[in-house]
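Spelled out from the first residue to the last, the chains are:
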Amino acid sequence: MFSYYLRLAFKSLRRNPILSALMVAAIALGIGSSMTTITVNYLMSADPIPEKSDQLYYVQVDSWDPNNPYDDESNDPPNQLTWTDATNLMRAKQAPAQTAMAKSGGIIEPVNQDDKPFEASIRLAFNDFFSMFNVPFLYGNAWSDVADDERQQVIVLTRAINDKVFGGENSVGRSMVMAGKTFRVVGVMDNWQPTPKFYDVNNGAFDEVEEVYMPFYLKEELELPNWGNTNCWKSPEGEGFKAFLQSECINFQMWVELPTQADKADYLAFLDNYAQEQKALGRFPRPLNNRLSNVMEWMENQQVVADDARMMMWLSFMFLAVCLLNTIGLLLAKFTGKSAEIGLRRAVGASKGDLFAQHLVETGLIGVLGGLFGLGLALLGLEGIKSLYGNFVDNLASLDITLVIVGLLLALVSSIAAGLYPTWRACNIAPSSQLKSQ
Amino acid sequence: MLVMNDIKKVFRTDLVETHALRDFNLQVDEGDFVAVTGPSGSGKTTFLNIAGLLETFEGGQYLLDGQDVSQLNDKARSQLRNEKIGFIFQSFNLIPDLDLFDNVDVPLRYRGFNAAERKRRIESALEMVGLANRMKHLPAQLSGGQQQRVAIARALAGEPRFLLADEPTGNLDTKMAHSVMELLKEINQAGTTIVMVTHDPSLARDAKRNIYVRDGKVSELHSVGQELPDAANA
Ligand SMILES: Nc1ncnc2c1ncn2[C@@H]1O[C@H](COP(=O)(O)OP(=O)(O)O)[C@@H](O)[C@H]1O
Ligand SMILES: [Mg+2]
Chain A
194 MFSYYLRLAF KSLRRNPILS ALMVAAIALG IGSSMTTITV NYLMSADPIP
244 EKSDQLYYVQ VDSWDPNNPY DDESNDPPNQ LTWTDATNLM RAKQAPAQTA
294 MAKSGGIIEP VNQDDKPFEA SIRLAFNDFF SMFNVPFLYG NAWSDVADDE
344 RQQVIVLTRA INDKVFGGEN SVGRSMVMAG KTFRVVGVMD NWQPTPKFYD
394 VNNGAFDEVE EVYMPFYLKE ELELPNWGNT NCWKSPEGEG FKAFLQSECI
444 NFQMWVELPT QADKADYLAF LDNYAQEQKA LGRFPRPLNN RLSNVMEWME
494 NQQVVADDAR MMMWLSFMFL AVCLLNTIGL LLAKFTGKSA EIGLRRAVGA
544 SKGDLFAQHL VETGLIGVLG GLFGLGLALL GLEGIKSLYG NFVDNLASLD
594 ITLVIVGLLL ALVSSIAAGL YPTWRACNIA PSSQLKSQ
Chain B
1243 MLVMNDIKKV FRTDLVETHA LRDFNLQVDE GDFVAVTGPS GSGKTTFLNI
1293 AGLLETFEGG QYLLDGQDVS QLNDKARSQL RNEKIGFIFQ SFNLIPDLDL
1343 FDNVDVPLRY RGFNAAERKR RIESALEMVG LANRMKHLPA QLSGGQQQRV
1393 AIARALAGEP RFLLADEPTG NLDTKMAHSV MELLKEINQA GTTIVMVTHD
1443 PSLARDAKRN IYVRDGKVSE LHSVGQELPD AANA
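As they're listed, the protein sequences go chains A and B.
Residues in the first sequence are numbered from 194 upward in steps of one, following my numbering.
Residues in the second sequence are numbered from 1243 upward in steps of one, following my numbering.
In case anyone wonders, no lab produced these hints; they're calculated from the structure.
One or more hints might be untrue.
Unchecked claim - Restricting the straight-line Cα-Cα distance to at most 30 Å, the calculated cross-link-like pairs of lysine-lysine (BS3-like) are:
no., chain 1, residue 1, chain 2, residue 2
1, B, K1450, B, K1250
2, A, K245, A, K435
3, A, K545, B, K1250
4, A, K457, B, K1361
5, A, K204, B, K1450
6, A, K545, A, K204
7, A, K545, B, K1450
8, B, K1317, A, K545
9, A, K545, B, K1378
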C-alpha cells in the first residue's frame, strides 16, 4: 500500500502546485533556519581536540583582591595569571608538559622590499605548546628547550604568513624582521584552526589562531605589548614595563598536560602548596581557590557557546513552530479540498486507518521535500554565518552526513506532527455528506 | 438479504431536528431490483446511506445478510462496504486526476488483491461497460453517460452482492439514462441485487419492484405493473 499511497501523494501535490509549493516552502524555511542555528551551536560546542581534551588542563590560581572575589557570582578564581605566577609555575616544571602564554603583536617588515610592512598577531608560548595541542608542521619544527631558556629570537609562522612573506617556500633558517628585531624561522605550521580556539578564548572563541609564535620570555626581553584582556585589582607599583610585569595584573594563560587523574591530583596539590608559599610572601590574600579545568570544562566555564547563539537557536525553533502552524493551516485547506475524494474512498471501503495512512504519507512527502530544500537553505545560511563568525564553519564538510540526517528527520517528524490534526480531520469527514446528489 | 425494522434517523443541528427516517421498514430479497421513488427530502438518500453502512442510525434493527451491523466498528463496516456493496452516485464521484483504470482500481486497493487480479477485474469491468479502450483517459475526457459507466464499472469490479444507486441517471439526458438503465438491468440479470433511487417513473417502471418513500417511511409497496402514485414527479 505504501507505494500506492506515495503515488497518490505525488498526484495530490501536483493537483494544487501552488498550495504544495507554499507548504514545502514553509517547512523549508523553518528547517533551514533551525538547521543553521543547530549547526552553529553544534560547532561551538564541539570538542576542538578530542584525542586529548581530558588531559589538557587550564590553570587558575586565586591571586585576587582580599575584599572582592574575582567573580562575585561564581566565586571562580581569576581567569588569567600574573607574570609572576606564570613564570614561577613554569620554572617549577611540575607537569609532564606545560606552557604559559600570552597574546601580543607587532609589525612585520617583509623580506621583499617592495611589499608594505603589516601588523601581525603574536602568540608567546613555550615549545610544549606545539606538541600539547598537536599543531601540524609544514616545514621545520618547534623551537628547543634551550631556545626557551635562552630567550632566543626564533619564530614559528602560520602557513598563511609564510605564504605572504616567503611566497610559500620552505623558510626554515631564514630571517624575518618583526617589531624591529630580527628572528630566525624554525618552523612553518600547516593549516591549523581549532574550533573553538580553546587555548585562549579571551579574544573571541572563534578567532583565527595567531600568525606568529615565539618564546614566552621574549615578552620581557623585547617588551612586547599586551594584546587581549588585562585586569588588575590594584594598580602597578611604579611606571613602565617592569612594573607591569611585577604587578598583580593578569594577562597570561597557562595549560598543563596531565595524563592521569593521579597527575592531576599531584598538580593541584602543588598549586595549593605554591599558593601557601605566596601567602607567606604576603601575596594571595584570599582563601585557597586553585583550579584545573580540562578543555571541555573550560569551554563550559567560559561560556564558549555564546548566549546569543543559543538564543538564536531557540528563536529559530519558534520560527519553525510558526512555519508548522502555517503548514497545518495549508494542510487543512488542502484536505478540505479533497473531501469529495475522501468521501468516495470511504464509500468504496477505505477505513479511517487506510485514509490516515494515505494522508500521513502525503504529509511525510511534503516534509521530506521541505527538508531537502531546508538543507539547501541551511547551507546558504551557514555561508552567511561564515561571513559573520569567520571561517570556523569551514570544516562543515565533515558534518554533512549528520547534518543531512538530522535535518531530514527533523523535517519528517515536524511535518508529520503538523499533519496529524488535518489528517485526523480528513479521516473523520462523514462520507455520506460528500456523496449526496446536489 | 437486506432487512430493516423500524429504523429511525434524526439529524440534529443547533436549531433543528430533522426526522429523516421514522420507523422505516423494508425487506429486499436476493436478486431483486428495487426502484425507490418519493418526494425530495423524504429520506431516500438517508435510507440508501444507512443501507450502505455510510451512516449510522438511532433506533431499529438492520440486518445485512442476516448480520446485525449496528455493533460493528469502523474497520468491519469498511470491509463489509468494500466486499458486499457497490455504490453509484448521481454525480459519478470519479477522482479527477486518476485515469479510468486507476478510478476502477480504488475499491480493489482496499481489498488486498494482487496486481494481476486487480488488472483482470478492472479490464473486465471496463469491458462490460464498453470502455475498455479508454482506460488511460481521464474522467474529464468522457461524456456524462460514459463517466457514469466508469462509476458502474468501479462499483462492479469488486463483484458486490448489492448495488446501491442514488439517482444514477439524474445528471444524464433521457437517451443516456435509458442506456445506463439497460446496463443495470443486465447486471441484475447476472445476479446482483440492486436498490436504485430515481425520480423518473419510466425508469422505475423498468425495475422488478417499486417502493415509495414519504416523510421517512415506506408508505406504499407495490410490484411492477401497478400504477405509480403521481408524487414520483417531486
Ligand atoms: N447531514 C444532514 N444534516 C441535517 N439534515 C439532513 C442531513 N442529511 C439529510 N438531512 C435531512 O433529512 C431529510 C431527508 O434527506 P434525504 O435523505 O437526503 O432526502 P431525499 O434523498 O429523499 O431527497 C431532509 O429533510 C434533509 O434536509
Ligand atoms: Mg436524495
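Check each numbered hint against the structure and report the violated ones by number, ascending.
-> 2, 4, 5 and 7
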